[in-house]
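Asker: Listed here are the chains, written in short residue letters.
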Amino acid sequence: MIVPFGHVIVLAGALFLLGITCAVCRRNLIMVVLGVEIMLNAASIIFLAGALRWFSMEGQVFVVMVLAIAATEVAIGLALIVYAYRRTGSVDPINFNCLNEQPTGSQLAGFIRE
Amino acid sequence: MNWLLFTPEIYYLLVSLLFLGASMGGRATPGTDYIAALSAAAVGMAVTAAAVKLEGSLFAGSYRIDLLSQVFKVILSSALFLVLCICAQLNGIRERHRRDFYCLLFLCTVAMMMLVSSVHLISIYLSLELSSYSLYVLVALRKNANLGLEAGIKYFIIGIFASAMMFFGMGMVYASTGAGYLEELTEVLPGFVHDPLLMLGLLLTLSGFFFKLAVFPFHFWAPDVYQGSMNQVAAYIATASKVAAIGILLRVIAVLGEGNAYLIQVLAVLSIVSMTLGNLAAIVEHDVKRLLAYSTIAHAGYVLIGVLSASAGGYSGTVFYAMALLLMKFTVFLVVVQVASAGGNLRIEQLAGLHRRSPLLAMALLVAAFSLAGIPPTVGFTGKFLVFTAAMQKGYFTLVLIGMINVVISLYYYLMMVRAAYLLKPDEALPDLHLSLPLRTLTGALVALMLVAGSFPYPFIQAANAAVRALM
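Note that the protein sequences, when read in sequence, are chains G and U. The opening residue of the first sequence carries number 1 in this note's numbering; numbering runs sequentially from there. The opening residue of the second sequence carries number 115 in this note's numbering; numbering runs sequentially from there.
Next comes chain G alone, as it looks inside the complex:
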C-alpha cells in the first residue's frame, strides 16, 4: 500500500461525515437517501483499505456485496418516495409528521417562526 493506512481512514471518515450531514440536513427525501448512499461508499473505502492492509480478498467481497445492497436500498427507497409524492405531492420530510398528534419539536419551531 503506497498511501498510509491512516490517510485512507481520514478520507473515509470525512466522506462519512459528509454523508451524515447530507442525510440529516437536507429537506428532500431523495437527498436523504443519497446521503446514506455516500455513507455506504465511505464504508466501502474503509473495507478496501483493510483489504490492502491485510492482503485479503474479503474486504473486496464486502464492497461487491454492498453494491447490491445499495441498489436494493435505492430501489425500495425510490418506490416509497414515488408513492409518497403521488399521494401528497411533496418529498419534504416535514410533511410526513402527523403520527402522534401532539406537536413535535419541528412543528413547535414552525409555530414560533410564524
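In case anyone wonders, no lab produced these hints; they're calculated from the structure. Fair warning: there could be bad hints in the mix.
Stated by the list, open to error - Now the stretches of chain G that chain U is said to cover, found in silico as 3 or more residues with beta-carbon under 8 angstroms: (1) 23 to 32; (2) 56 to 70; (3) 81 to 92.
Unchecked claim - Pairwise CB distance ranges, derived in the manner of DEER restraints: (4) G:Gly89 - U:Val302: 47 to 55 angstroms; (5) G:Arg53 - U:Pro331: 27 to 35 angstroms; (6) G:Ser90 - U:Trp117: 46 to 54 angstroms; (7) G:Cys25 - U:Leu515: 13 to 21 angstroms; (8) G:Tyr83 - U:Pro331: 26 to 34 angstroms; (9) U:Trp117 - G:Val61: 21 to 29 angstroms.
Note that this is a predicted model, so its numbers are computed, not measured. Glycine included, C-beta positions come from ideal geometry on N, C-alpha and C.
Given chain G, put chain U in place with the hints provided.
Answerer: Just chain U now, with coordinates in the frame of chain G:
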C-alpha cells in the same frame, strides 16, 4: 455442501416465491390464499422442528447451523404461524395486496432465520438488510395510506441510516483486525482491546442490532412505526423481529464481550437508559400500540441486562426471555387485533367493558399484562428472574436495582390497560365480541402456556441452556 442443513430456509423461500408468482397473475382469492398461507406456516413449523438437531456450516463457514440457531428458528417459525393466525381479517390492507403481504412475511422470516445463523460480518449484514427491506414495505402497505406511508418512510430512513452506520463500523472492525469471521475476531480481539478504531467500530456495528431491538439511541422509530403500521404487522415486528435481533446479539456479544470491560459498560448504560426512558414515556401514552412500542423499548433494556452478564446463565436467561416476549407480546396484540376488528388503531379507553364483551380476551389481556410487568407466576416473571439473577451473580447490583425500580414503574401502565378492560364502563353499550372456535382455542392455549411456563419453567430453561452451550 450439505443442502439438507438449509432445508427450513429453502422451504420458506419457496413459499415466498410461490406467493410472489401468485401475486403477479390471477384474481385475488382471499379465503384460499389465507388457508394456503396458514397451512404453509404450519408445515414450516414442522419442517423447522424436524431440523432442530442438525449441525454443520455452509457457505465457506459464514453460516453456522447449531442448536442455538435452530432453537431460534423454531421460535421464529412459530412467531410467523401465530401472526398468520390473527390475519383472518386483513382489514388493514387492500385485497389485491394480500398475496404481496404473505410473500413479504415469509421472505422476512427467511431473512431472520438466516440472521440467527450468520457468523461472518457479510452474512450478518446481508440478512439483517434483507429482513429490514421486507418490513419497510410491509409497514407502508397499510390502506390508510397517510399513516402507513409516514410510518414506512420514517422506518426506512432511520433503518438505512442505522445500517450505514453499522456497515461503517464493520469496515473499521475489519480494517483494524483483518478478521471477518466472528471466530477469528474472538482470537484477535484480546490483542486489540486498546485500539480506538476497533472500539469505535464495535460500537457502530452494534448500532445496527440496537436499531432492530429498539435500544435507546435507535428507538425513535418504534412508537411511530407501531402506530402507523397495520396491527398484524406491528405484532410481527414486536415478536419475530425482536427475537431475531436477540439471537444475533447473543452471538455477537458472546464473541466480543469476553473480558471487554468498555463494551460491557456501554451496554449497561444503554440498558439503563432504554428501560427508564421506555417506561417513563409509556406512562403518558393512550394509544395501545404506542404504549406497547415503549414497553418494547423497556424490554430491550431488560434483555440487554441478560446479554451483558456474559455468562451461561445470562445467555440462557436471554433465550428464555425471547420465548417469553414472543408469548406475552403476541397475546396483547391478539387482543388488540380482535378488539379493533375494523383494522383501526386502538386507544386504551376503547378497551372499556372488555370483560363483558369477551371475558376470554379480557383474561388474556390480564395475564399478558401481568406477565409483561413481571408478576409471578407468569412467564414474564421467570424471564426477569433468570436475567436479574445472572446479573447479580456477576455483581451488577446497581443495574439490577434500577431494573427493579423500572419494573415497578411499568406496573402503572400495564395496570392501566387491565383497569380499562375490567373496571371502566363504556360510554355506549358495545356489542359482544364473538371469536371463532380456533381463535378461542388459541387464546386459551396462550394463557395456559404463559401460566404453565411461568410455574414450571424447567423444560424451557433446559432447552435454553442446551441452546447456549453452542456459544460457550
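Asker: Report the numbers of all earlier hints that the structure fails to satisfy, in ascending order.
Answerer: 7
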